[in-house]
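*Asks:* Going down the list, the protein sequences come from chains A and B. Counted from 1, the first sequence has number 86 at position 86 by the numbering used here; the numbering is strictly sequential. Counted from 1, the second sequence has number 81 at position 81 by the numbering used here; the numbering is strictly sequential.
A few of these clues could be false.
[Said to hold, decoys possible] Only part of the chain A face toward chain B is listed, based on derived beta-carbon distances under 10 Å: (1) Asp15; (2) Glu92; (3) Thr108.
[Claimed, not checked] Heads up, simulated SDA-like pairs for lysine to any residue below, C-alpha to C-alpha not over 20 Å straight-line: (4) B:Lys42 <-> A:Glu17; (5) B:Lys29 <-> A:Pro18; (6) B:Lys29 <-> A:Tyr138; (7) B:Lys29 <-> B:Thr203; (8) B:Lys42 <-> A:Thr20; (9) B:Lys42 <-> A:Glu114; (10) B:Lys287 <-> B:Pro176; (11) B:Lys29 <-> A:Arg19; (12) B:Lys29 <-> A:Thr20; (13) A:Lys93 <-> A:Tyr138; (14) B:Lys287 <-> B:Thr203.
[Said to hold, decoys possible] Computed beta-carbon distance windows for the label pairs: (15) B:Met65 <-> A:Gly99: 44 to 52 Å; (16) A:Asp28 <-> B:Ser288: 50 to 58 Å; (17) A:His94 <-> B:Asn227: 24 to 32 Å.
Don't read these hints as lab results, they were simulated from the structure. Fair warning: this is a prediction, and the values are worked out from it, not measured in the lab. Yeah, the Cβ is synthetic: ideal placement off N, Cα and C, and Gly gets one too.
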Amino acid sequence: MEISLSINGGVRSFDVEPRTLLVHLLRDEAGLTGTHIACETTTCGACTVLMDGQAVKSCTVLAVQADGAEVTTIEGLAENGKLHPLQEQFWEKHGLQCGFCTPGMILTAAQLLERNSDPSEEEIRHGIEGNLCRCTGYEHIVDAIQAAAADMKK
Amino acid sequence: MIPADVDYYRPATLEEAVKMLQNYGTEAKLLSGGHSLLPILKARLAQPEILIDIGHIPGMSGMVMENNAIVIGALTTHHEIASSPIVQKACFLLAETAGQIGDVQVRNRGTIGGSLAHADPAADYPAAMIALDAEIVLTGPEGARSMRAENFFEGAYETAIVGNEILSSVVVPIPPSGSGGVYCKAAQGASGFAVCGVAATLTLGNGTIESAGVGITGVAGAAYRANRVEEALAGLAPTAENIETAAAHAADEVDPLEDFYASADFRRQLARVWTGRALAQAAERAKS
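Build the full structure now, drawing on both the sequences and the hints.
*Replies:* Right, dumping it as structure tokens:
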């Protein structure tokens, strides 16, 4: 089936089987391997991307369901070579160790800050409930999101 | 984990979707947000030949107030319901329930119609629908019919949907002033599904309980109304003692599930305790 969608600002067309998952389209067809595959069961959030501005687990969206949508992956978050404040602060605050959960974590955080520009620590922890990190214990992730929220208000 | 090969259709209207169901029958599955269906397809627990994607049909999404009720389109997401100022104000219990489903990403995609039609025995919405006396609207070849939520859930993953019907909307009566509602649950640690979830609504008048609604999910094969709890509360003051006495009947009318997470006895205990907590908090909210 022919579909076309905007990926990180550029409209692209693909011929996909209906059963193709969005995460596989992004990684295997669009070549954007920053979106990671881990649990494949809608649990871990590693495959999170923004679809029409909403964080979604791309292992649980069919590519055909994204026909006509605007998708943002981690590769699309920096603008003109300048990292997003979340990317800067994950770096600065050591919000990652192995980095596997990081793209999904950052995109979920991006949506969190869009809905709530000044989240409390509890709101941040609740807001990333759908993203699992097995390295950091979340402390530095929460710090990074708080610091990015402060940066984005400047 | 990739679903089995499948054909995909995208009807433009509800009528067209019903016609497709008539044509393809049991070979077809309806798809909207996909957050119940896609995990099943990926695990190949189901291998339908056709997916009918109703996810973009105009007019099936969003909420409107009508005749003292909130009419919710089947495609309305959990996030839309949880974050709706209208729902938060008019029927807090419903927003509270939607906000406890899954996680942020799941709430962005999952729909109320999909969740109810899937009828997972541990899903959150069914308890709220029963406690709130909601009506489920089913649209088929002969038009629409509606039924009370408590008659809709027939068993695990089994509903009163017949033949070529599509769950098209839900009608939730707005609780009267003087009411308080709560949804709370003992959640399974990894999935967040309810091992025991209780939705309770109390309407107070002159210091006594005029009416009570209690829906319980996760405990039995299907979500159910705790009739004996409701009856035990009518006309009494919402004291801790009266609530505890009534809550003891929470699992009287069911045969509790037994699984890896909880024995039947433990579920009976959870139903009693969480019903008590829900009622106590509902009474507080009704007074404020």
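*Asks:* So if I understand the rule, the pair passes when the alpha-carbon distance is 20 Å or less; does B:Lys29 with A:Pro18 pass?
*Replies:* Holds, at about 13 Å.
*Asks:* Are the Cα atoms of B:Lys42 and A:Glu17 separated by 20 Å or less?
*Replies:* holds (14 Å)
*Asks:* Given the hinted pair B:Lys42 and A:Thr20, is their Cα-Cα distance within 20 Å?
*Replies:* holds (10 Å)
*Asks:* Given a hint of 50 to 58 Å, does the C-beta separation of A:Asp28 and B:Ser288 actually sit inside it?
*Replies:* holds (54 Å)
*Asks:* Decide if the proposed pair is consistent with the structure: B:Lys29 and B:Thr203, CA atoms, cutoff 20 Å inclusive.
*Replies:* Violated: B:Lys29 and B:Thr203 sit about 40 Å apart, past 20 Å.
*Asks:* 44 to 52 Å was suggested as the range; check whether the CB atoms of B:Met65 and A:Gly99 agree with it.
*Replies:* holds (47 Å)
*Asks:* If I claimed the Cβ atoms of A:His94 and B:Asn227 lie 24 to 32 Å apart, would that claim hold in this structure?
*Replies:* violated (55 Å)
*Asks:* Holds or violated: A:Lys93 with A:Tyr138, Cα cutoff 20 Å?
*Replies:* holds (11 Å)
*Asks:* Are the Cα atoms of B:Lys29 and A:Tyr138 separated by 20 Å or less?
*Replies:* Cα-Cα ~39 Å, so violated.
*Asks:* Quick one, is the A:Glu92 hint okay against chain B at 10 Å, beta carbons?
*Replies:* violated (24 Å)
*Asks:* Closer than 10 Å between Cβ atoms is the bar; does A:Asp15 clear it against chain B? Give me holds or violated.
*Replies:* violated (13 Å)
*Asks:* Taking only the CA atoms, is the gap from B:Lys29 to A:Arg19 under or equal to 20 Å?
*Replies:* With Cα atoms ~13 Å apart, B:Lys29 and A:Arg19 stay inside 20 Å; holds.
In this structure, the earlier hints numbered 1, 2, 6, 7, 9, 17 are contradicted, and the remaining ones agree with it.
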